[in-house]
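> Could you slot chain B onto chain A? The hints should help.
The lines below spell out each chain.
There are 2 protein chains.
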Amino acid sequence: MGAGDSQLIIDQFGAFVGKHSERLRVSLKGQVVEERPFHGLEHVLVASGGVALSSDLIQACAERGIPISFISRVGHPYARVMSSGLVGTVRTRREQLLAYLDERGVALARAFSSGKVKNQAVLLKYMAKYRKGNAPEVFEKARAAAESLEGFAERIQVVKGDSVDEVRQDILTLEGHAAKVYWEAAGELLIPETDWQGRHTRGARDLVNSALNYGYGMLYCQAERAIMLAGLDPYAGFLHADRAGKPSLVLDLVEEFRQMTVDRAVFGLVNKGVGLEVEGGLLTEESRRTIAEKVNERLETEERYEGKKHKLRTVIQSQARRVAVYVRGEGRPYRAWVGRW
Amino acid sequence: MGAGDSQLIIDQFGAFVGKHSERLRVSLKGQVVEERPFHGLEHVLVASGGVALSSDLIQACAERGIPISFISRVGHPYARVMSSGLVGTVRTRREQLLAYLDERGVALARAFSSGKVKNQAVLLKYMAKYRKGNAPEVFEKARAAAESLEGFAERIQVVKGDSVDEVRQDILTLEGHAAKVYWEAAGELLIPETDWQGRHTRGARDLVNSALNYGYGMLYCQAERAIMLAGLDPYAGFLHADRAGKPSLVLDLVEEFRQMTVDRAVFGLVNKGVGLEVEGGLLTEESRRTIAEKVNERLETEERYEGKKHKLRTVIQSQARRVAVYVRGEGRPYRAWVGRW
Numbered sequence: 001m002g003a004g005d006s007q008l009i010i011d012q013f014g015a016f017v018g019k020h021s022e023r024l025r026v027s028l029k030g031q032v033v034e035e036r037p038f039h040g041l042e043h044v045l046v047a048s049g050g051v052a053l054s055s056d057l058i059q060a061c062a063e064r065g066i067p068i069s070f071i072s073r074v075g076h077p078y079a080r081v082m083s084s085g086l087v088g089t090v091r092t093r094r095e096q097l098l099a100y101l102d103e104r105g106v107a108l109a110r111a112f113s114s115g116k117v118k119n120q121a122v123l124l125k126y127m128a129k130y131r132k133g134n135a136p137e138v139f140e141k142a143r144a145a146a147e148s149l150e151g152f153a154e155r156i157q158v159v160k161g162d163s164v165d166e167v168r169q170d171i172l173t174l175e176g177h178a179a180k181v182y183w184e185a186a187g188e189l190l191i192p193e194t195d196w197q198g199r200h201t202r203g204a205r206d207l208v209n210s211a212l213n214y215g216y217g218m219l220y221c222q223a224e225r226a227i228m229l230a231g232l233d234p235y236a237g238f239l240h241a242d243r244a245g246k247p248s249l250v251l252d253l254v255e256e257f258r259q260m261t262v263d264r265a266v267f268g269l270v271n272k273g274v275g276l277e278v279e280g281g282l283l284t285e286e287s288r289r290t291i292a293e294k295v296n297e298r299l300e301t302e303e304r305y306e307g308k309k310h311k312l313r314t315v316i317q318s319q320a321r322r323v324a325v326y327v328r329g330e331g332r333p334y335r336a337w338v339g340r341w
Numbered sequence: 001m002g003a004g005d006s007q008l009i010i011d012q013f014g015a016f017v018g019k020h021s022e023r024l025r026v027s028l029k030g031q032v033v034e035e036r037p038f039h040g041l042e043h044v045l046v047a048s049g050g051v052a053l054s055s056d057l058i059q060a061c062a063e064r065g066i067p068i069s070f071i072s073r074v075g076h077p078y079a080r081v082m083s084s085g086l087v088g089t090v091r092t093r094r095e096q097l098l099a100y101l102d103e104r105g106v107a108l109a110r111a112f113s114s115g116k117v118k119n120q121a122v123l124l125k126y127m128a129k130y131r132k133g134n135a136p137e138v139f140e141k142a143r144a145a146a147e148s149l150e151g152f153a154e155r156i157q158v159v160k161g162d163s164v165d166e167v168r169q170d171i172l173t174l175e176g177h178a179a180k181v182y183w184e185a186a187g188e189l190l191i192p193e194t195d196w197q198g199r200h201t202r203g204a205r206d207l208v209n210s211a212l213n214y215g216y217g218m219l220y221c222q223a224e225r226a227i228m229l230a231g232l233d234p235y236a237g238f239l240h241a242d243r244a245g246k247p248s249l250v251l252d253l254v255e256e257f258r259q260m261t262v263d264r265a266v267f268g269l270v271n272k273g274v275g276l277e278v279e280g281g282l283l284t285e286e287s288r289r290t291i292a293e294k295v296n297e298r299l300e301t302e303e304r305y306e307g308k309k310h311k312l313r314t315v316i317q318s319q320a321r322r323v324a325v326y327v328r329g330e331g332r333p334y335r336a337w338v339g340r341w
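Protein chains in written order, with my numbering: chain A, 1 to 341; chain B, 1 to 341.
Where hints are given, some of them may not hold.
Claimed, not checked - Chain A stretches covered by chain B per the calculated footprint, using a threshold of three residues with CB under 8 angstroms from any CB of chain B:
{"id": "1", "region": "38 to 52"}
{"id": "2", "region": "56 to 66"}
To be verified - Residues on chain A that point at chain B, a partial pick, calculated with CB under 10 angstroms:
{"id": "3", "residue": "Phe70"}
{"id": "4", "residue": "Ala79"}
{"id": "5", "residue": "Met82"}
{"id": "6", "residue": "Arg93"}
{"id": "7", "residue": "Asp242"}
{"id": "8", "residue": "Lys272"}
{"id": "9", "residue": "Arg332"}
Calculated from the structure, these hints are not laboratory results. Using N, Cα and C, we set each Cβ at its ideal position, and we do this for glycine too.
Extracted from the complex, chain A is given alone in its bound form (with noise of 0.2 angstroms):
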């Protein structure tokens, strides 16, 4: 079962999960193997198959706020239990239709996607630093590489138009460029045994592309849990156009953080030699378990954020509530979230 102090993961075949007086409790076999307090507890996520979940459970986690989330073995979320009585206002909503249509939907296109590409600067600087001493030419090409990338961040900052769909394009373009820098800069941070053949998204058997898709599926959970209780629609995203069945908002949320929560666990993982395995292009039960520990170890650490300390898991609901402040005009202009190298 899981780490983490706010969110649980049941990623055992045959785990029930049921309610006992205040608090959540996990069965293997009719033994207890873990109990947790409600107090506390913001995110349930259902990671392996063979799970049971009594209504009771469901019922005291609606009834508390807490989303359980489902996610397939490819990191595909499948599901949510969500409260029938969470979802809240639809003022917010509103704004948030309206912000696609004008200056509101630019700024904020342009804040999600150069906010990545800062980020995808900063991991390169921070896997580099490591390799100053024993590897400079190593070092040199990374430091080339996020210097680029904070180029292509500035250009995405200045594109200029009158609503998202006039800009999309723009946006996209200067992000793929990017992205191919990113990921080559990224393989040769890599240790030289690692089968890298570049990024593949949805679909992809090699290991680092599948233990990466994992990892972003427990983002897009962590990410739609912050934006419904935001009281934003996930499917009215701004850099990702609508297109239906696809949580565009979601997917416009998570370009910020993909880089310093999973991208760092992933490599950090993979360079670590720990032994992800990959089975017939599917990661082992064993593998999926160590990345969700880790990812989940990325959501637990603190990180600065409006000048102080806060968990990564904190920062991205912050950061939901920020989209929902700004839409409805109501603060500052959206901040991408940017990490330290």
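For chain B alone, coordinates are given in the frame of chain A:
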């Protein structure tokens, strides 16, 4: 366990709901008590505590677009499992939110409200016709009440204004007068043994109101499902104003269905003297099961809709789609469904 062709009601304490091949399987103490192919299944309603669900079942339902709703002992829908990929295109919700600001919202509010009042008249006439011979004075009173209701419905249909916020109070005032007429007249049509002190919503502890509230809870689940599948936001209603956590569009859509699904089912049970019971202000498990079966039977009943016979359940789904089509400006004005007596 529940009957019904397309909705499955899980109402037994201790039931385990799993997936077996292409079927949903319900077991009780290790014995299979029901199997249902996923094909043709449209909705799973968990109406008891102490039910366990497997993650494989949840995945199978999510992949097939079958929502799972949870309802408490007093009929309060407390949670639902939704597919992460189901909620569809955002264009409908965009138009839904814009419709709130213009004459589309006015037309919808008038239709929902007058639809309810017309169906109140229909149900009184339906119940009265069996009394014409043996109690002509009861019959006459009910007919007079029905005529009065038809008058209110006509007045609601001609309320004028530029936005729903402008007309809401006028509509609700007329609706309030109608409700008084309806519930008084309905009380006269119940058998004399009935303890009927008038209509109470939340917190009711008497039999008839508790039974109505439980039935309405089932109807809310049905309408919420229909609204989500139509791509509408359940929290952005017209007649019912925005309020945090209130699924106002669900409350709007159920108006035209309350009488012919729930009231008719509950009044029928009461008048047959089937022995519904409250204990300590709560319906007994047996009573809840009886009500759920009867309401479900009504939902499975074929009624006239757009010139053809359709199950009431299908009519609810079609009406939700009609709302979506209307706000998108693609179809004729929305008209409430009105039953026959």
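> Taking the hints in turn, state whether each one holds.
So, going through the hints one by one against the coordinates:
Look at the region 38 to 52 of chain A against chain B: 6 of its residues bring a Cβ nearer than 8 angstroms to a Cβ of that chain, three or more, so the hint holds. By the rule of at least three residues with a Cβ nearer than 8 angstroms to a Cβ of chain B, the coverage given for the region 56 to 66 of chain A holds, with 6 such residues. This hint holds: A:Phe70 has a C-beta 6 angstroms from the nearest C-beta of chain B, less than the 10 angstroms allowed. Hint status for A:Ala79 relative to chain B: holds, with the closest Cβ pair at about 4 angstroms, below 10 angstroms.
Interface restraint check for A:Met82: the shortest CB-CB distance to chain B comes to about 7 angstroms, inside 10 angstroms, so the restraint holds. Residue-level restraint check for A:Arg93 holds (minimum Cβ-Cβ distance to chain B is 6 angstroms; threshold 10 angstroms). Given hint, A:Asp242 at the interface with chain B, holds; its Cβ is 5 angstroms from that chain's nearest Cβ, closer than 10 angstroms. Interface hint at A:Lys272: violated, since its Cβ lies 31 angstroms from the closest Cβ of chain B, which is beyond the 10 angstroms cut-off.
Restraint check, A:Arg332 versus chain B: the minimum CB separation of about 24 angstroms is more than 10 angstroms; hint violated.
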